[in-house]
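There are 2 protein chains.
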Amino acid sequence: MKSKILSLLRERGDYVSGQELCERFGVSRTAVWKAIGQLKKEGFSIEAVQNRGYRLAQMEEVFGQHELESRMGTKWAGHPVAFFEALDSTNIRAKLEAERGAPEGTLVVADMQTAGRGRRGRGWSSPAGVNAYFTLILKPDFEPGKTSMLTLVMALAVAEGITETCGVEACIKWPNDIVIGGKKVCGMLTELSVQQEYIQHVVIGAGVNVGLQEFVPEIADTATCLERECGRKVPRAQLIANIMKAFETYYEKFLETLDFSELKRPYDERLVNCGREVRVMDPKGEYTGISKGINSTGELLVERPDGSETAVYAGEVSVRGIYGYV
Amino acid sequence: MKSKILSLLRERGDYVSGQELCERFGVSRTAVWKAIGQLKKEGFSIEAVQNRGYRLAQMEEVFGQHELESRMGTKWAGHPVAFFEALDSTNIRAKLEAERGAPEGTLVVADMQTAGRGRRGRGWSSPAGVNAYFTLILKPDFEPGKTSMLTLVMALAVAEGITETCGVEACIKWPNDIVIGGKKVCGMLTELSVQQEYIQHVVIGAGVNVGLQEFVPEIADTATCLERECGRKVPRAQLIANIMKAFETYYEKFLETLDFSELKRPYDERLVNCGREVRVMDPKGEYTGISKGINSTGELLVERPDGSETAVYAGEVSVRGIYGYV
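Chains C and F, in that order, give the protein sequences. With the numbering used here, you'll find the first sequence wraps up at 1635, consecutive numbering, no jumps. With the numbering used here, you'll find the second sequence wraps up at 1635, consecutive numbering, no jumps.
If we strip away everything but chain C, and leave its shape as in the complex, we get (with noise of 0.2 Å):
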């Protein structure tokens, strides 16, 4: 009730009687008065003037539980959530909640991560009160091969969810690092359990560099954050609620043809170095060629020298332009 009761102060931006939140949440005027002492507890501001009722003064994020849920403007995704003020990772705990039983949509927040972790065992640098560290649960029923995929999807919705919530253009770099002006601001790790030939749960977290921070000197050069790109400051559960809208919209599309038919085009126009000269460096030999964009199963397509068209599976390829670090 705190979270519905902070959406309409929110929404309303003026007051609103305690007989009418009495009304439209069907409780006691003492429970109304509990919610409000707690919410004011948690550090929202909040005023209650006689014969008017409450108000939320100050419209600052107090980022958590309440914040994050009034926020959320979805049917499913990013339901319930789960948040935390420190984790290990976002990741582990949604495992782990998962294995709980935790249901499809569960979203995992956590303010500062203790063990984050990016790719390949390698950490993620995960201060408090700066970040989103998020991670949602999905328990898909298609065939585990099809599991890498999803993380392009939530590439997407990151990208798209930036761009809504800062106004600044957020590009992928294939497969899902997100990008702004070149730099990174967004990594992604997916994890998938199956049992037998059967996706238990798979979870896909990310972090994204929000607010104005130092990075350390080895990724200086090629690490950003939100509020220096767009200059002022971001809320961060409006942004991880406006990645939710997105991933909901993008997954149920993706689920109609289980591929990317559908997103493809949304995918490639954020791609960075689209129909430009990219160096794909394979284990197995290195080539350069020009990027066409993703296939139907997120593979990049890659137009080498002789005409010939190679698709490039994300494993251990990387592949960056020609110029720059990106």
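Hints are supplied without guarantee of correctness; some may be wrong.
For identical chains, the list gives no copy identity; a pair is met inside one copy or between any two copies.
[Unchecked claim] The calculated lysine-lysine pairs, modelled on BS3-like cross-linking and capped at a C-alpha distance of 30 Å, are:
| # | residue 1 | residue 2 |
| --- | --- | --- |
| 1 | Lys1384 | Lys1349 |
| 2 | Lys1593 | Lys1448 |
| 3 | Lys1562 | Lys1593 |
| 4 | Lys1455 | Lys1350 |
| 5 | Lys1311 | Lys1384 |
| 6 | Lys1455 | Lys1562 |
| 7 | Lys1573 | Lys1455 |
| 8 | Lys1455 | Lys1492 |
| 9 | Lys1455 | Lys1593 |
The hints are simulated quantities; they were obtained by calculation from the structure and are not laboratory data.
Using the hints, position chain F against chain C.
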């Protein structure tokens, strides 16, 4: 060291002097005396006679950590052993151990399970003191799609381990049930964890009905146990050690080709209904044909009446002989 002392006493079958034990393991008299004391406490009947040394009097098995370790005749499969009196399920524990960094080859064994599971969420009856419940951790670096074949490797190993230990012919009901005289004696459950495109770990769990026991009415006609089939006491630790020995051999063969080309022959030799008429229960439509054994990826080849051959993929399909349960 306790497992090694146990191993030596068993091998020798006679007295081994305290002096010899000290020298062989490079420890003090007190350390040997302490280890013997602990083994006795665990239930091993060890005689100590002055001037002669120690002797393992009763050869009957004391199912547990040291019995398992002392029987394990493998290079890596079954090392280390993690034995528990009771677990929710050996698979659940193995996944946890794997996440915490347990090495490939780690074998989780329990005397009983409180939440033993079979395929598709079905339960697996797991009383104490009679059966063998174990899960092997693997960390292969091949592509995730090949994992389904590992269950077939384990099926082959379990069948061979049973025959080796009990002298009865154990057969495989494709893909991975073990049957004796047409009745099921073992079930398996393989679970796979993938991070991005890489396997993090695979756990292969098996439950073998060993000791004489009553089965619930639902499965009384279709289940059996080793002791009923071979008419004598079956040592569980030796059974598990024999299965690990067979698994190690077959798995290493599997790794050479990453398919069943080397294992097809021993597998087909144990395959029930091979060369006979079978009914394929495909949700898309049932049909009848002659089972021709597996192909190199572990699919079952079925020759249809019109002479065409269908490769049956495990998933939702089940196959049984035209007559009887198997």
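Structure-based check of each hint:
no.: 1; hint: Lys1384 <-> Lys1349; result: within (28 Å within a copy, 62 Å between copies)
no.: 2; hint: Lys1593 <-> Lys1448; result: between (35 Å within a copy, 23 Å between copies)
no.: 3; hint: Lys1562 <-> Lys1593; result: between (35 Å within a copy, 25 Å between copies)
no.: 4; hint: Lys1455 <-> Lys1350; result: neither (45 Å within a copy, 53 Å between copies)
no.: 5; hint: Lys1311 <-> Lys1384; result: within (19 Å within a copy, 59 Å between copies)
no.: 6; hint: Lys1455 <-> Lys1562; result: both (14 Å within a copy, 29 Å between copies)
no.: 7; hint: Lys1573 <-> Lys1455; result: both (15 Å within a copy, 28 Å between copies)
no.: 8; hint: Lys1455 <-> Lys1492; result: within (29 Å within a copy, 36 Å between copies)
no.: 9; hint: Lys1455 <-> Lys1593; result: both (24 Å within a copy, 21 Å between copies)
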